[in-house]
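Chemist: Heads up: the sequence lines are chains S and U, in that order. At the far end of the first sequence sits residue 1373, using my numbering, and the numbering has no gaps. At the far end of the second sequence sits residue 117, using my numbering, and the numbering has no gaps.
It should be emphasised that the hints constitute simulated quantities derived from the structure, not laboratory data. Misleading hints may appear alongside valid ones.
Claimed, not checked - Calculated cross-link-like contacts (lysine-lysine; reagent style DSBU-like; alpha-carbon spacing at most 30 Å):
#, chain 1, residue 1, chain 2, residue 2
1, U, K91, S, K940
2, S, K888, S, K1055
3, S, K940, S, K1055
4, S, K1055, U, K91
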Amino acid sequence: MTSLAKSLNPKNDPNAGTERFERAEIDASARIPVLVFFGSAIFWLLIGSLLALIAAFKMNIPGLLDSEAWLTFGRVRPAHLNTVIYGWSSAAGIGVGLWLMARLCRVPMMHTSLLIVAGVFWNLGVLVGTLGILAGDSRSIEWLEFPGYATPILFIAYAFIGIWGVIMFRYRKPGHVYVSQWYLLAAFLWFPWLYGTVNMLLIWQPIQGSAQGAVNWWYAHNVLGLWFTPIGLASAYYMIPKVIGRPVHSYYLSILGFWSLALFYSWNGMHHLIGGPFPAWMISASVVASIMMFIPVITVAINHHMTMRGNFEALKWSPTLRFTVFGAMTYTLVSFQGSLMAIPSLNTLTHFTHYTIGHSHLGLYGFFTMMMFGAMYYIVPRLVGWEWPSASLIRWHFWLAAIGITLMVAALTIGGIIQGFALYDPAVSFTNSTLFASPFLWVRGVSGILLTVAHVVFAVNFVMMLARAGGPRDEPTLFAPHAPDKEVAAV
Amino acid sequence: MTIAAILIIGGLIFLSGSALIAFYWAAGDGQFRDLKRGAEVIFDEDEPIGRITDRFPAKRKA
């Protein structure tokens, strides 16, 4: 193992070693750092789900748990958002990203201690931030509620990951840079830029007036499009071909999709501010860019569908594929929906209603979270050299999550549209417009219970696996020594 | 000009610049030349094209 100083020295020849590494060796090198991120991500997923349930039921039972200040809606709701964004989604995404980077660079992970330190700091940052929000130090800027004393900790954690990414890419084995790697490198580069800029402009030296709103939404939308989306797509572009043993349908389209996402996405945030006190050109440019997102989205949709074509039966027997394809289909759906929501006449109806909440859950859960579950089902057995203990727990996890998120999005979408028409009608009082949405919020609460149970099921399977429960199998599914019985359909 | 403004504009130039450099590097390095082979780099002799690599875990040994 080379020292960190040596790895960072530009004079050191990255191609000095010509040896080839076994896949198992690369996976084994990733074990501790990736498990640190996955384990903590699942912990925060459970905490985030509980906070979500409390916030959801408060919509219908306002007096629920209101005796303590830290359990009031104004604290629980941002605590939910930030734990699932930074604690679950980002940590799971980093874990998947680290593993994919090592595999695609074709070298064992170097300097894993950097990543373990990063994992510890990241979780410390999320913990301090969440406790800060619950204690009343929330910053009242959506997606950035963590108090000022928590963000530097997250920054330190991220710096370690960034440095590690650069070293790994430099010491990769020669050959083609696969499309997933492009997405990951971009995400690793974009996140510190987004997070750094928004902290400088809103916290460190706050700009004044309505420009704050523009910076806020530039960040909040880009963290979805330039951080979570590339990681999710990197995973799909690796998992789908790898699981069914068939290269991506059109590699050309995948490259086009990557560069067009890079070009269009960062303009999208302003569509959250349609009707706000902003120069018209800003909003118009953002609406146009939102429509242009059809290009990267359609390339991804065509590619994943055509790669899967003739292999949809594989969804029956591969847990990874089941979650990943659910995520990929939802990506198409949520992106189309997002582009349409940016059209001002439709935005008038959906803005300030539950419809938007449904859209964000479809994106972050239906697409990203399902994608991360799929990747974890593939990665974790290879890290620990052990099968998932229970196939039925995987099935329960999938169906609870799939039905839960479908129910939630359906309820919030229909309820949001009804609420939107009611808000638009001068004959309906504001109070009544909220009452119309009430039954749909009950359904949302129930769907939240389904999702929480799904997460508990997943956590149980994960912990059992780490404890090596389940005993040996007569047919080690993931390490099958011989060709599988089902042939892949001809291209 | 405040420090924040310098950092932000500097960051913008640095990041856009690195994206451009990355694109030129990729084109010059031949990354876009043979796309069919590019799509196949995730397969090798151990896990060739046609090998399925994920299943539900099978029933436990009695």
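Chemist: Does each hint fit the structure? Answer for all of them.
Modeler: Structure-based check of all given hints:
1. Of the pairs offered as hints, the one joining U:K91 and S:K940 is violated, with about 54 Å between alpha carbons and a cut-off of 30 Å exceeded.
2. With a CA separation close to 18 Å, the supplied pair S:K888 and S:K1055 stays within the 30 Å bound.
3. Distance restraint check for S:K940 and S:K1055: the Cα-Cα separation of roughly 54 Å exceeds the 30 Å cut-off, and the hinted pair is therefore not satisfied.
4. Proximity of S:K1055 to U:K91 is assessed by CA-CA distance (about 19 Å); at most 30 Å being required, the pair is judged to hold.
Consistency note: the structure conflicts with the earlier hints numbered 1, 3.
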